[in-house]
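Next come the chains, spelled out residue by residue.
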Amino acid sequence: MDKKTVTTISYLSRLKIDDEKEEKIINDLGNIIEFVDQLNDVDTSEIDPLANPLEKTAKTRKDIVTAKNLKKKLLEVAPSANEDYFLVPRVVE
Amino acid sequence: MTIKYKSIKEIKNMISHKEISNKEVIQEVFSLINQFQDLNAFITLNEENSIKKAEELDNNPSDLPLAGIPIAQKDLFCTEGLRTTCGSNILNNFIPPYSATVIENLENAGCISVGKTNMDEFAMGSSNETSFFGNVINPWGKDLVPGGSSGGAASAVAAGLVPAATGTDTGGSIRQPASLCGITGIKPTYGRVSRWGMIAFASSLDQAGPMARTAEDCAFMLNEMCSHDEKDTTSLDNDIPDFEENLNSSLKGKKIGIVSDLDLSSLNNDVVEIYQNSLKEFESMGAELVDISLPHLSLSVPTYYVVAPAECSSNLSRFDGVKFGMRSEDVKDLEELYIKTRSEGFGNEVKRRILIGSYVLSAGYYDAYYKKAQQVRRLIKNDFDNAFKKIDVIMTPTTRGPAFKIGSKGDDPIQMYLEDLFTISANLAGLPAMSLPNGNIENKPIGLQIIGNFLDESTILNFAHMFQNETNWHMYTPEGIKQ
Amino acid sequence: MSWETVIGLEIHVQLSTKSKLFSGGSTEFGAKSNTHVDLIDMGLPGVLPVANREAFYKAIRFGLATGANINQTSSFDRKNYFYPDLPKGYQITQMTQPIVEKGSIKITVDDYEKEINITRAHLEEDAGKSIHDMFEGETGVDLNRAGTPLLEIVSEPEISSAKEAVAYFKAIRQLVTFLDICDGNMAQGSMRCDVNVSIKKSGDKELGTRAELKNINSFKFIEKAINFEIDRQIRLIENGECVVQETRLYDSEKNETRSMRSKEEANDYRYFPCPDLLPVIISDKELKEIKENLPELPEEKEIKYINEIGLDESEAKIISSSKTMANMFEAASSKTNDAKLVAKWLVGDISALLNKDNIDIDESNLSAENFGILIERISDGTISGKIAKSVLEEVWETASNVDEIIQSKGLVQIQDESILKDIAKKVVESNPDQVSAYKAGKDKLFGFFVGQIMKETQGKANPKAVNEILKDLLK
Chain Y
1 MDKKTVTTIS YLSRLKIDDE KEEKIINDLG NIIEFVDQLN DVDTSEIDPL
51 ANPLEKTAKT RKDIVTAKNL KKKLLEVAPS ANEDYFLVPR VVE
Chain Z
1001 MTIKYKSIKE IKNMISHKEI SNKEVIQEVF SLINQFQDLN AFITLNEENS
1051 IKKAEELDNN PSDLPLAGIP IAQKDLFCTE GLRTTCGSNI LNNFIPPYSA
1101 TVIENLENAG CISVGKTNMD EFAMGSSNET SFFGNVINPW GKDLVPGGSS
1151 GGAASAVAAG LVPAATGTDT GGSIRQPASL CGITGIKPTY GRVSRWGMIA
1201 FASSLDQAGP MARTAEDCAF MLNEMCSHDE KDTTSLDNDI PDFEENLNSS
1251 LKGKKIGIVS DLDLSSLNND VVEIYQNSLK EFESMGAELV DISLPHLSLS
1301 VPTYYVVAPA ECSSNLSRFD GVKFGMRSED VKDLEELYIK TRSEGFGNEV
1351 KRRILIGSYV LSAGYYDAYY KKAQQVRRLI KNDFDNAFKK IDVIMTPTTR
1401 GPAFKIGSKG DDPIQMYLED LFTISANLAG LPAMSLPNGN IENKPIGLQI
1451 IGNFLDESTI LNFAHMFQNE TNWHMYTPEG IKQ
Chain A
2001 MSWETVIGLE IHVQLSTKSK LFSGGSTEFG AKSNTHVDLI DMGLPGVLPV
2051 ANREAFYKAI RFGLATGANI NQTSSFDRKN YFYPDLPKGY QITQMTQPIV
2101 EKGSIKITVD DYEKEINITR AHLEEDAGKS IHDMFEGETG VDLNRAGTPL
2151 LEIVSEPEIS SAKEAVAYFK AIRQLVTFLD ICDGNMAQGS MRCDVNVSIK
2201 KSGDKELGTR AELKNINSFK FIEKAINFEI DRQIRLIENG ECVVQETRLY
2251 DSEKNETRSM RSKEEANDYR YFPCPDLLPV IISDKELKEI KENLPELPEE
2301 KEIKYINEIG LDESEAKIIS SSKTMANMFE AASSKTNDAK LVAKWLVGDI
2351 SALLNKDNID IDESNLSAEN FGILIERISD GTISGKIAKS VLEEVWETAS
2401 NVDEIIQSKG LVQIQDESIL KDIAKKVVES NPDQVSAYKA GKDKLFGFFV
2451 GQIMKETQGK ANPKAVNEIL KDLLK
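Residue numbers (the numbering used here), protein chains in the order written: chain Y, 1 to 93; chain Z, 1001 to 1483; chain A, 2001 to 2475.
So here's chain Y without its partners, still in its complex pose (with noise of 0.2 Å):
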């Protein structure tokens, strides 16, 4: 665990480090990760992974619209938005 690395997945994770931060959590996450090492000493070649304690298929829906317009309500709760849309600073492509 490195500082490229930490800035690397801060970015990922859209997290800004602040600088005088920035040595302990390269250090947490350096102990975190080498506390996780651990793993590595036993042997799971043969192992399928687990991913959900349930062993079992996903129950489906049918295709049925069961939605209503809940337009005012959505957006009601946006941080901002006029009466139609989800507003957010102009994105330029």
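In short, the hints are calculated from the structure, not lab data.
A few of these clues could be false.
Stated by the list, open to error - Short, incomplete list of chain A residues facing chain Y, as computed with Cβ under 7 Å:
(1) T2017
(2) K2018
(3) D2038
(4) M2042
(5) P2084
(6) E2206
(7) G2208
(8) D2268
(9) Y2271
To be verified - Only pairs whose alpha carbons sit at most 27 Å apart, straight line, appear in this in silico BS3-like list of lysine-lysine:
(10) A:K2079 <-> Y:K62
(11) Z:K1340 <-> Y:K21
(12) A:K2254 <-> A:K2285
(13) A:K2344 <-> A:K2317
(14) Y:K59 <-> A:K2288
(15) Z:K1340 <-> Y:K56
Owing to the predicted nature of the structure, the values given are computational and were not obtained by experimental measurement.
We put the CB at the ideal spot given by N, CA and C, even for glycine.
Let chain Y serve as the given structure and place chains Z and A on it in line with the hints.
Chains Z and A in isolation, oriented as in the chain Y frame:
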């Protein structure tokens, strides 16, 4: 008449015998909350609506199972029209347009949601010190943490403000605070309780459950919380039993698994002694102790600290200041909007876990960490599957010791993560597990953990209830809180 | 130096389900902004996705029609990135276990046919729409489209020219519309494509560095964008520069591609299995049912039209190449006994009208029912072919019923010989000069007499009967 420290059933009886009105019950709850506001157990109160609902019940008495029962809801469940923060600045002003299935189930059963309890931010913490709304105090000592993440819930129940509360448990967030606050709480089998409307921390581990003073009340609550929910595809289809039915079954001949791989020497001596006394108590009720091996148990904490951060790093991406929640002021462009909002909106522990999650999922590290952890997760689950072939339940201490002092774990994440040593494996394997008070150390409560087989909440509730029939640890109340 | 072009296409096909891939939100196009947004589409805290089984069925139809492997167990992964119209901060897609793998499709280019292999086709959710030019200094986000099911069809890099790329896209479009899994509407964005283009020296084994052209949604632009990009890459290399692996945006106004590097900056999508969704398993029974109910494909239709109905090869090809045309043909044919006449009109007058208006037949005013009546009235002699044309034009404009037009305008053909004879006699008597000229050997004047009769009858005279009567009178 007071409802303080009364069970759900007792309050129901008092109401139906007109010893107390619904309104009086609710008024007392709010006066208690007010009296003990230093505990900081609640983030948002629902007083006006609660009183209104109580008045309605007084006018039209109901025979619903939880009619008029005041319940504190963890602030991680969305409640339509009532602020839901998840303990975070980023949701400081979020008023959900819908309610979680758990909330609907409980309210349909007649309960009154009196408020939203404080918690570690996004349920990431074991001491309730990561809440944006300040730490919660353990009623057993004003300098003690209540545990976490369901610390507000545990504190509120332990202080007798409400008879029961909802919690959620991703790595021990119901059981650890239950242990540290001297109450009873159960994390059901993964999939028993719908996750719809529960703000996700780690989707494959999160499970909601009740926290109350007794196993009986937990069973009562669980009956109403569980449902088959089409909105959650990981909600189980299996029959939901009446969890009260087996509470009094005899323990004769039932087998308790004792984990031989567990190194108890690192624990506080008193914890070990209390644990062993409890095992003797169960033996005296006719249960047998059987040694079992869970060889990969020691890897559950590192496994968890790969799986949970990975899932949370993705689950928390939706908090970006665009569609809901907080947005930072004065941003010049979209990138800054994202970065500033998320940096100001999330606290340190949440950020730390998001970063770890991004790291273990990033190109080049996925196999070494994420895939590896998923493989070890299977090994841990296999261990449990094997063990449960010959036993009914597994018992361990819930925590390594009683409640610790606020700030005492410093800022060392790993020390804090190890708090969940005994509890995490049940989440990884999806098994039901509970904690109940089984002793005191220097006037601080401590809990016993009972882990059950897949879908077998009834048996662990049975063990817990029988224990509470024979002992009175669950009746202890903190000093200074007594009337 | 001669160069070879290597092209691979990723086509995003919007599946024509009624509801979204993971919610009960409507997929209807063109609704007012943010009115088809469910709690799930908005990615609110605490919501959970539930997969729409019909989307799997539609994807499987595509797989079966391209001879692909169907993964009866398929799962979903998350692709993590931030964008305002991506509500959850991740897209749910199928990375490790796509529903369809290893198919192929035949394309026809000018004078040759070629088989293009399809690497995979997987289900994923569409994003919403960002509107950049409507508000001062701000971008508006409309989430109506968020969560609409997409089938992303990924080809092998086996396409060698812009023309082949267009032919491949057209073949996919024809197939998905016949399979009734997508409406194929390019203008509404029902099909969009990303194109990977690279060049290499002829004969080289190793592929060159590729550029990805994003989001192109018309046949014309695919061809132009690829040709521009090929030229650009050749120029770069011949000038001793390098092609950079990057995403480029095609600007149709300037006819150029330009780098979108800003968007790509250090992106790492951190795919991992979606913990909210367990694997979906399609049973043998379901698969069998889908197979049995697979709609007839163009090639099968073409053969049937030739062998069973007796159409010309060229007619059969034209009619079977478009889903709407084939539907019209089959529906109208079922209403008359003269399928060949139906085909003749479809390929002839109707195609001409469609070309003129630049529309699809299902967008026209002509219904199969009405078309069937028109053909019936021609074959039973009620109206002549010439009158039929004018009736068709009227229907084209007004969508009125064919019989009503014939009735109200009195267009019924005059078949009665005594009436026709009277008219013919009048014409012959009032044109003595022409009669003598005809009789003196000016055969061409026969047409003049026919024309005069048609004029008298406003074109309603049965031409066959007129011919015979005239021949008799002018003997």
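Evaluation of the provided hints:
| no. | hint | verdict |
| --- | --- | --- |
| 1 | T2017 | 5 Å, holds |
| 2 | K2018 | 5 Å, holds |
| 3 | D2038 | 4 Å, holds |
| 4 | M2042 | 5 Å, holds |
| 5 | P2084 | 5 Å, holds |
| 6 | E2206 | 30 Å, violated |
| 7 | G2208 | 26 Å, violated |
| 8 | D2268 | 6 Å, holds |
| 9 | Y2271 | 13 Å, violated |
| 10 | A:K2079 <-> Y:K62 | 25 Å, holds |
| 11 | Z:K1340 <-> Y:K21 | 16 Å, holds |
| 12 | A:K2254 <-> A:K2285 | 52 Å, violated |
| 13 | A:K2344 <-> A:K2317 | 13 Å, holds |
| 14 | Y:K59 <-> A:K2288 | 20 Å, holds |
| 15 | Z:K1340 <-> Y:K56 | 40 Å, violated |
Of the numbered hints given earlier, the model fails hints 6, 7, 9, 12, 15; all others are met.
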